[in-house]
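So the sequences go chain by chain: A and B.
All the letters of the first sequence, read from the start, carry residue numbers 1 to 156 under my numbering.
All the letters of the second sequence, read from the start, carry residue numbers 157 to 416 under my numbering.
Some clues are possibly wrong.
Simulated crosslink set (PhoX-like; lysine-lysine; CA at most 20 angstroms straight-line) [to be verified]:
| id | chain 1 | residue 1 | chain 2 | residue 2 |
| --- | --- | --- | --- | --- |
| 1 | A | K81 | A | K91 |
| 2 | A | K105 | A | K134 |
| 3 | A | K31 | B | K179 |
| 4 | B | K237 | A | K31 |
| 5 | A | K51 | A | K69 |
| 6 | A | K69 | A | K59 |
Stretch-level coverage of chain B by chain A, calculated; a stretch enters the list once three of its residues show a Cβ under 8 angstroms from a Cβ in chain A [unchecked claim]:
| id | region |
| --- | --- |
| 7 | 343 to 350 |
| 8 | 364 to 378 |
| 9 | 404 to 411 |
In short, the hints are calculated from the structure, not lab data.
Backbone N, C-alpha and C fix where the C-beta goes; we use that ideal spot for every residue, glycine too.
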Amino acid sequence: MSINATLIGQMIWFAIFIWITMKFIWPPLQKAMADRQQQIADGLAAAERGKHDLELAAKRSADALREAKDRAAGITAEADKQARRIVEDAKDAAKVEAEKVYNAKLAELEQEAERARSALRERVAELAVAGAEKILRREVNAAAHADMLSALKQEL
Amino acid sequence: MSAEHGEPLTATSYITHHLTNFKVGSGFWTFHLDTLIVSGLIGLAVFVSLAVIANRATSGVPKGWQNFFEMVLSFVNQQVKDTYHGNNPLIAPLAITIFIWVFSMNAMDLVPVDFLPWAAQHATGNEHLPFKFVPTTDPNLTFAMSITVFVIMIFLNFKVKGFGGFMHEVLTVPFGAKLAPVNLLFRIIEDVAKPISLSLRLFGNMYAGEMVFILIGLVGIWQLPLALPWELFHILIITLQAFVFMMLTIVYMSMASESH
């Protein structure tokens with residue numbers, strides 16, 4: 001082993017390689033790695049944000065669902081009430097109508113009865129007069145006794 | 157083992173041959189061409205591909221090599237972050253360079269001991285050409301790295317603490333101002349020990365590992381069952397030594413940037 005000028009040559013080689021590493025190897029690689037680290041950090045942050053957004057959306061959708069349910073329940077109750085009212089109204093209307101029809105029929109029947117009665121009365125008076133006529137054919141003057149007969153007719 | 161050359165091939169000549177560098181020049185101005193070329197080619201291949209990968213890197217899902225190197229570089233960067241609390245843009249690239257370069261050069265140890273020398277001998281036509289192809293077994297390389305680390309360390313000391321602050325620390329720690337010369341001596345020993353231990357640790361481990369491979373290469377056909385477990389074990393050493401060199405560099409840088 002002998003130390004000689006090779007030493008100087010090796011120092012030059014060493015300096016050249018340090019220079020290459022310092023100038024062309026380490027900075028670009030370091031930059032690539034730092035950029036990648038940044039990208040990964042950004043990606044993780046975005047994922048975190050997405051998760052958070054998802055949670056918010058889930059909460060919002062649950063809220064919306066609950067609200068819709070409440071509203072649907074309200075609507076159903078309202079519809080029930082309305083249906084009951086309609087039925088009630090219809091019942092009332094039917095009752096009124098029935099009464100009206102009943103009354104009309106009653107009035108008609110009464111009229112009928114009245115008419116029948118008055119016709120009957122006429123008939124009875126006629127018959128009575130006819131009977132009396134038959135009995136009293138000879139002595140009774142229809143004209144002379146007309147006043148009495150009509151008074152009798154009234155009393156019937 | 158290429159046995160067909162003139163002089164008789166003995167175990168000693170085989171080992172010596174494998175531990176000799178491919179030299180050019182003389183005296184101090186000798187260049188170990190094998191170390192320079194292998195380490196340079198490995199470094200260029202690895203770091204230029206890394207630069208291409210880094211240039212194409214996307215912040216999307218990382219694929220293939222980008223994924224692999226991002227993992228390696230984040231691992232190194234994590235060590236830097238855990239140990240070095242300053243904010244110097246040089247430390248992470250320095251640690252990355254050391255880890256990847258030392259690891260790749262150490263990994264040359266896993267190539268069979270005779271393979272690359274044989275290739276080099278055939279490429280040059282010189283069948284006596286020595287070729288030591290694991291660059292980290294050359295102390296020139298490990299010292300070059302540790303001395304560079306040492307220079308950066310001293311530079312950081314001055315930069316972070318200022319000239320006055322550094323001098324104050326050198327002269328007063330650990331025994332106070334009255335024993336300034338002792339403090340200075342201690343500090344010099346402490347700081348000089350750092351690059352020496354750094355380089356000799358790497359050199360020693362890799363040299364010893366390579367030596368075992370060479371010895372295994374001597375036993376003929378029985379080297380196959382022997383080389384396999386040693387290679388598997390050596391994967392651990394390769395990684396560990398690269399890690400230790402990187403880690404200690406970060407620690408030294410962190411010590412240079414913090415006041416005692």
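Here is what the structure says about each hint:
no.: 1; hint: A/K81 / A/K91; result: 15 angstroms, holds
no.: 2; hint: A/K105 / A/K134; result: 42 angstroms, violated
no.: 3; hint: A/K31 / B/K179; result: 43 angstroms, violated
no.: 4; hint: B/K237 / A/K31; result: 16 angstroms, holds
no.: 5; hint: A/K51 / A/K69; result: 27 angstroms, violated
no.: 6; hint: A/K69 / A/K59; result: 15 angstroms, holds
no.: 7; hint: 343 to 350; result: violated (count 0)
no.: 8; hint: 364 to 378; result: violated (count 0)
no.: 9; hint: 404 to 411; result: violated (count 0)
Violation of the numbered hints given earlier is confined to hints 2, 3, 5, 7, 8, 9; the remaining hints are satisfied by the structure.
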